[in-house]
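Numbering of the sequence shown is given in numbering that gives the first Met the number 0, commencing with residue 0 and proceeding in unit increments.
It is possible that part of the hints are untrue.
Stated by the list, open to error - Result set (SDA-like, lysine to any residue): computed pairs, CA atoms no more than 25 Å apart in a straight line:
(1) 181 to 199
(2) 292 to 64
(3) 103 to 169
(4) 181 to 247
(5) 181 to 244
(6) 181 to 103
(7) 292 to 197
(8) 43 to 3
(9) 43 to 64
(10) 181 to 268
(11) 278 to 265
(12) 26 to 169
(13) 278 to 135
(14) 103 to 137
(15) 292 to 214
(16) 268 to 294
(17) 292 to 198
(18) 278 to 137
(19) 181 to 258
(20) 43 to 214
(21) 103 to 202
(22) 103 to 174
(23) 268 to 174
Stated by the list, open to error - Here are the simulated distance ranges between beta carbons:
(24) 296 to 255: 21 to 31 Å
(25) 103 to 124: 15 to 25 Å
(26) 41 to 289: 25 to 35 Å
(27) 111 to 293: 22 to 32 Å
(28) 137 to 282: 30 to 40 Å
(29) 31 to 61: 24 to 34 Å
(30) 288 to 252: 10 to 20 Å
Everything labelled a hint here was simulated from the structure, so no lab data went into it.
Yeah, the Cβ is synthetic: ideal placement off N, Cα and C, and Gly gets one too.
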Amino acid sequence: MSGPAVSVLIVAYESGPVLARCLAALKTQTYPDFEVLLADNGSKDGAAQTAAAADPTLRLLEFGENLGFAEANNRAAEAARGRWLALLNPDAFAEPDWLEALVKAADARPDVRCFTSLQVAEHDPGVLDGAGDAMTLAGVPYRAGYGRARPERVPAGEVFAACGAAMLVERALFLDLGGFDKAFFCYCEDMDLGYRLRLRGERVRLVPDAVVRHVGSSTLGARSDFALWHGVRNRLWTYVKNTPPLLLALTLPLHLAAVAGLVAGSALKGERAAWRGLKAGLAGLPAAWRARKAVQA
């Protein structure tokens, strides 16, 4: 028997009640040919186990420890049976036609093997939570459109990278690239993947009709020390690993200035985690440079 067309991957860690809402939204999907893999990163709240007990069609993967968003998705991707992987955060609530819109976009563009959703704020769908991931001229990644008013019409088109909160990628391509870099643990692993896709000649497209309502950092907090530390560290690694040689030489002064500004701004707010993240990023540069050699080969 052939597998489903799409495997929805959800990584949970102490996700609490938002997980049940995420799964309930998947029950309303107009596109029927999908499976759901729920990867639990050693949570103590029992939410994943409760969900699996209530739905025998849900495939529960229990890791017993927190592997991080990156590696948990990698393992779920290996276990998936679908041609396509639809990555969905547990605090992202899909509109009923979310999967249908993504699959329709994939069918219409066989030359593209990665797509990103339109994310709106859960508390106010009139505000964008993101329209794909973008990159500044200084090599600093950010979420396109974040915090802006949602336009009446958002055009489909190419973006730099897909946001891991709600994206579609061909499973074979994801695995061939080695999946997410598990050293990142979480944060910016999607931008790193997107950069590697581009270096392979692949493209990523925004599907504005594929809408999810996203809470954002519901477990750890958007400005938590954890998020700041990993964000600063992983942005540096993304830049070092993936930026082509000529572009690296041209943008390095801009990048260093941008990073210094971001860290200084956080320090002025009393957020010391950004500085610690930068130190961790610098300490990990030898490993990032070794990874760069494989990426740039």
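| said: Tell me the hint numbers this structure goes against, listed in increasing order. | reply: 2, 6, 8, 10, 14, 15, 16, 23 and 28
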